[in-house]
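J.: Sequence:
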Amino acid sequence: MRLLSVRLALAGFLLLLTSGAWAAEVPKVVVSIKPIHSLVAGLMENVAEPTLLIDSGSPLTYRPTAVQQARIAEADLVFWVGPELEQGLAEALPGIQSRGRVLALLDNQNLKILSAPGNPDLRDPFFWLDTRNALILLDEIAELLVEMDPGREHLYMQNRERMRTVLSSLDWELEVSYRALKSGRVYLYDPTQQYFSQAYAMRSAGSLNALPGGPADAASLLKARATLGSGEATCLLYEAAFPAENLGLLQTEGVQQVKLDSFGSDLEPGPMLYPDMMRGQFKAIAGCFGEETPAIGREKGHTVLDDTVAAVPSAQLVGRYMLLDQNGALVTNETFLGSYQLIYFGYTFCPDICPTSLQVMAAGLSGLGKKAERIQPLFITVDPERDTPPVMRQYVGYFHPRLVGLTGTPEMIERVAEQFRVRYEKYLPEGAPPDRYSMDHTASLYLLDPDGVFITKFAHGITAQQLAAELDQLIQ
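Residues -23 to -1, 1 to 453, numbered by mature numbering (1 follows the signal peptide of the UniProt record, and there is no 0), are exactly what the sequence shown covers, in order.
Calculated directly from the structure, the hints in this document are not laboratory data.
This one's a predicted model, so the numbers in the text were calculated from it and none came from an experiment.
One or more hints might be untrue.
[As the list claims (entries may be wrong)] Here are the in silico distance ranges between beta carbons for each label pair:
| no. | residue 1 | residue 2 | range |
| --- | --- | --- | --- |
| 1 | A261 | I432 | 40 to 48 Å |
| 2 | Q453 | P220 | 55 to 63 Å |
| 3 | Y414 | R202 | 40 to 48 Å |
| 4 | R370 | Y414 | 19 to 27 Å |
| 5 | E395 | V44 | 50 to 58 Å |
| 6 | A261 | V3 | 34 to 42 Å |
| 7 | A217 | V44 | 22 to 30 Å |
| 8 | Q371 | E51 | 33 to 41 Å |
| 9 | T42 | P220 | 16 to 24 Å |
| 10 | V430 | E407 | 38 to 46 Å |
| 11 | E395 | Q135 | 29 to 37 Å |
| 12 | N304 | Q233 | 48 to 56 Å |
Glycine residues also receive a C-beta, built at the ideal position from the N, C-alpha and C atoms.
Take the sequences, apply the hints, and build the full model.
T.: Here it is as structure tokens:
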């Protein structure tokens, strides 16, 4: 009997070791360019950081270093666009003995892949400039990650839903806003914008180069000058990553030259690079037409209101509320007495500021260790019309296991906002459906002590590390 107990204990110990080792295995993922890396980074947030190969410069001239080749060889998944874009990578890959799957995304039959404008025998590699392709790719990469790492399926699925919310909102913003622009035409130095043009009704008068990054011959230059001189185009668009040595020859009165960054070369890599890059593209083009439509011209889709620490005098703020939680139960400020309360006001249809702020809240709490158990995180909606308890229940689960979502009637929310001196305003872009409004709102974090008394306010833009350090000092 004793021997059996020993064997069972040993078997349990070995099983624990085996399962622990399996749980520690995270897929090693390598991605060639920043826009695709952004999608993968969003899906792998709180799991691991995918390796980025091309941080800046032209993918056409990129060659992987010896260190990068070793990363590719060790990877479980490698995502690259294809030989039409990363020519040097295409030449290097056959010589790299990769242990994992190497996926050229231009071969994906589920994506919308167009023929290159200058050569119908080639594929146009800029498919990510249509956000619908990004949404398709998001789902497919999520499935691959779950297949390789089923133990973390819940994390990948939470990240996918959060990223889908951001990308779906971005797609709608671009479609509605671009159609509101005046009907101008653009002329392209390199033919990189075919997907963007088809998705968002941008009209093009042609391009100088037949293929991206290619040299322009004399005949092409003469044709381009004639097109620009005729007034057919208002803007000449060129890419930051490609050489454009003939811009001086193409200077034309009444035609503005605008730099695009379709690879996000000037942006920090990470989950928000893709939406920031796409909004940057739109702003550059809209600015060339002399317009800035409200849906995109506002900071990341909606405006942060009155977000300085001084905007909330602590002597006047009263942290009282009576609301419904995500399960429909009545909650008041007294419910959480004995715990510090970290409160954020936002809404679930928020494209980026709110999910980013809630991620900062969650990461800041994670950085506190055991002290975090003394803090109750709360998310109070400023959009009670759409944020019902079931909607809130699904949404808060994406961010932190103890995050409580609070909603109520418009009158209940208004009273709470007055107590906390929170401002919010509904904004509906011209021509948009009635339910596609955004909410401008105060985007700070409020901290109450265990007696429900206001301590301080953390302004929008604080990092997770800064938040953790501040909370560590304040939590007694």
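J.: Output the indices of the hints that this structure fails to meet, ascending.
T.: none
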